[in-house]
Amino acid sequence: MNNFRNLNWSIFGAWLLLATIGLFAIYSATQGPVSEFLPDFIQNNFSKQLVFVALSIALVLGFQFFAPRSYMQLSYIFYGIGLILMICTLLFGVEINGAKSWIRIGGFNLQASELMKIATILATAQYLTSRRDISAENIRYAFIAVLMILVPTVFIILQNDFGTAIVFLALIPVMLFWSGLPYGVSIYIVSPALILYLTVFDWRLGAIATVLISALIFFVQKRPWLTFTSLITGIITVVGVNLALTDILQPHQIARITAFTNPAFDPTGAGWNVIQAKTAIGSGGLLGKGFMEGTQTQLKFLPEQWTDFISCVVGEEFGFIGLGLLVLTFLFLFLRLLNLAGNHKHPFAQLVTVSVAAVFFIHFIINIGSATALLPVIGIPLPFVSYGGSAFLTNSLMLAICLNMDLHKRDFSIYR
Amino acid sequence: MNNASKRTRTSIIALQAIMVMLCLVVLGRIFYLQIIQYDIYDELGDKNSIRQEYVEPARGLIYDRNGKLLVDNQPIYSITITPVNFEDKNIPLLSRLLEEPDSLINSLVQDAKRYSRFRTSKLISDIDFKAFSLIQENLWQLPGIGHQIDSKRNYPSSITGSHIFGYLREASETDYREEKSIRLGDKIGKSGLELIYQNNLKGELGVNYLKVNALGQSLGKFSDQKNTKPPVQGDNLITTIDADLQEFAETLMKGKSGGVVAMNPNTGEILALVSSPEYEVKKLAGRIDKEYWQFINSDSTRPLYNRAISSRQPPGSTFKPLMGIIGLHLGIVTPETEIYNSGYYIRGRPYKDLADPGLYNMESAIANSSNTYFLTVMDKIATSGQLNAWSKLAKDFGLGIPNNIDLPSANRGILPDSTYLDQRFGKRKWGLGDVLNFGIGQGLVSASPLQIAQMTSSIVNGGYKIEPHLLRAIENAEGKIEQKSSKIEKIDWVKEEYLSTVKKGMRRNVLEGSGRFYAAIPDIEVSGKTGTAQNPFGFSHGWYTSYAPSENPEIVVTVFLENAGFASISAVPVASLIIEKYLKGQVDRQWLVNYVLNFEPKEDNSEN
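Residue numbers (the numbering used here), protein chains in the order written: chain A, 1 to 416; chain B, 1 to 608.
Everything labelled a hint here was simulated from the structure, so no lab data went into it.
Owing to the predicted nature of the structure, the values given are computational and were not obtained by experimental measurement.
If a hint is listed, it holds; no wrong ones were tucked in.
Subject to a maximum C-alpha distance of 25 angstroms in a straight line, what follows is the list of computed DMTMM-like cross-link-like pairs (lysine to aspartate or glutamate): (1) A:K48 x A:E36; (2) B:K211 x B:D46; (3) B:K503 x B:E467; (4) B:K68 x B:E554; (5) B:K211 x A:E304; (6) B:K282 x B:D126; (7) B:K211 x A:D40; (8) B:K6 x A:D411; (9) B:K6 x A:E137; (10) B:K190 x B:E278; (11) B:K465 x B:E489; (12) B:K47 x A:E36; (13) B:K395 x B:D422; (14) B:K47 x A:E304; (15) B:K130 x B:D150; (16) A:K100 x A:E304; (17) B:K504 x B:E551; (18) B:K152 x B:E475; (19) B:K211 x A:E36; (20) B:K47 x A:E293; (21) B:K465 x B:E482; (22) B:K392 x B:D379; (23) B:K211 x A:E293; (24) B:K6 x A:D133; (25) B:K130 x B:E100; (26) B:K495 x B:D379; (27) B:K211 x B:E87; (28) B:K113 x B:D102; (29) B:K282 x B:E173; (30) B:K152 x B:E478.
Partial list, derived from the structure: chain A residues whose beta carbon lies under 8 angstroms from chain B: (31) I281; (32) G319; (33) G324.
Beta carbons are placed, not taken as given, at the ideal position from N, Cα and C, and that holds for glycine.
Let the sequences and hints guide you as you build the complete structure.
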């Protein structure tokens, strides 16, 4: 049964390609001429990452010997352990870059929130697919599922890790949608985020989006009350954002938002990261400045260039060709994962695979969006590319689960 | 296909469509940044990491007429600041490293911010090497702070020359607002030759490009930049100053107050120029010693005041030779005309004449400084309505007009004519009484020592107008030497016979007149004329203008001593020694040097 020939090697290959691009970028960002300005522990990042990539290859391949049933049954236990780890992090955690997301275990920093991602996906999927009659259409089931996601989210917010919290929150509509939430309601849940995003630029865009989304909901669902509620929610969002921008938010918070909509307003302060990131990518041009030749990277104009701004390193040194390849590789990975989900007969496998794809995608969009100033700067790593051992390991584990379920999809369907 | 799997299919396609769309947005964004806006960001990237840096050229050197180095440059250590990268919270650290009070550093930082937030300027210069090394070591803690080695003026010769060289000071706010090439912290000439020849001396700024990181640390030169430009050294000045003579004159003038001008009468080249008291131009090089600066600005002896060219005093009897020339030209007297001195010249009131009573012709009137003779001449000029003609003729000798010497703040003096007197007293409110004493160089007539030297030169060089100047030649960075030409022009109305009469009188002044005690030098024929500027506030000011050799003179020396009383015992020996030194190369009369060095003025207002 463990026929490795049946492993989805294209996904494995895409994963390995991303890890390789990441290693090159991390090497350049920490070992290049820039290393002169970096403390030793950051210069060690490359070798640490290399170890984690090697470990992860072993993990992904080794994991294929498990049967999906084993972790399916253990998912609630994982979830419980995960929550305990989260609490421990809150109590005994180490703070890095303002977020208290790590616990020190034997000289190794563990980011429990990364593990929690897997645990939450597995447990919530397990819950939502445990019985045939469970559907997100039923408000009770939906509520429990939402709660299962929200509890770790609260811990993550308490840890001050806003980026990861967003990823968890984004899981809610995806998982509910997959579990039978009607299209219209799903759109409705997502709509405030989109309207908020547009309103920050211009309230008129937010207003137009409100009308269009309500129209779409009516068109999809034909439910006047839902349409009306959506319209009201949209209006409240637009008005609320405007009020927040003018009256409620503190000046330093407004400065952050201005830095996003107009970075030139404060180029050396709040706008610095955005301008430097755009400059790094833009100055890369078609072919890039060459490996370890990027002036923005090597002269330390980029903040956190081995994690949150790693795509700038790729963009600057390998140009449009390099960054384009990175984006396309990700797209390939997302589409293939969704295809895998489509091939599953088992709803658990479907839901987990879709959720994993969604988590990767949200990471990807927020990370690249921040670096290219499509989104405000939210510190979040790029899966498989950014430096970070826990993240790499858990992301690989998530992928390993997807590959494992795919490899075992024939015998797995028996458990239906 | 059942409902559930249909929904799954649709959902997957919907999700895939969303992902493809958003990835296309991202790709489009990247394409926009990297391909369409490439030029903008490429330039931004360069601006970020490549910093323009000016390379200061070496300021031009100053030499004496014989190629002796008088002024050069010496390296000093400076700290620079780029305010935009600097955080005010680092001020205490910075002041601790520099061992300066917080308040000083803070005010310097604020000055730099006012100058420009983005341009790098000098924060503090001429710090000692220890502080400089400390700053260098701690640069990583001090973003926005840089260091630089530049130079200050150094004066290797033993002359002081403060009133010749002048001093440099950091450009003021108005300076750099007016002149684009000046930056805050740049030193520019503020007086003397440094000011007049600032544009020659300063050279051309070089431009370098440096790679810098986000903390502003320099990572070495960025060579392949087409705009890189090496600095061009400033032009060297070769002056007309004779360093040995200058040094000697300065020694003689120590402790006295006044001015000395030694000049080549044939060319206008200034051989030595001393104004005493001097200030120490050395103390104004590098970082300004604030206390010293305040002292020289406020001291009652006014050391910054250049008495040799800026003071304006009645020339007294030194004016008489010129009066003689004008009297001859206007036909009021001939060389043979004799005028009787009774001890007084009476015109409305008695004018005392210290010359022995008796008959005087022009020669003996100059030799013995008879007032009666020249009062009579002036009387006749004024009463025959020739006051303005007199004034015009005298101006040909450089009095009452600007002399265009290449030093700042030279005084043009006063040589009155009717227009001037009308302005001064009101139309028809002045009379003969106000004019008469012009004839003996008193009253409103006034001149600087330089002007008297210039007048004397024109008398003794055969009647040529000369332009007094300090610059002999300019040597540019390539070593090309350009001689400075000065205009020499015959005064057309001056006849040789006028001059020879007057010169004989001046020779006799040394032999038998008031100059006879100290003026004569063994083996050298010297001529001269003493004078006294009456000073209502104290001791008279003494004048002496002299030249040698009497035939074909090579040097004119004019000495003006404030509050020194008798010129014959104060100013005369100074001039005499300078002439001896110049013509013989050494001074044999050491006793006279000692006399001058220990001179104490004795009051006597009576001499003319």
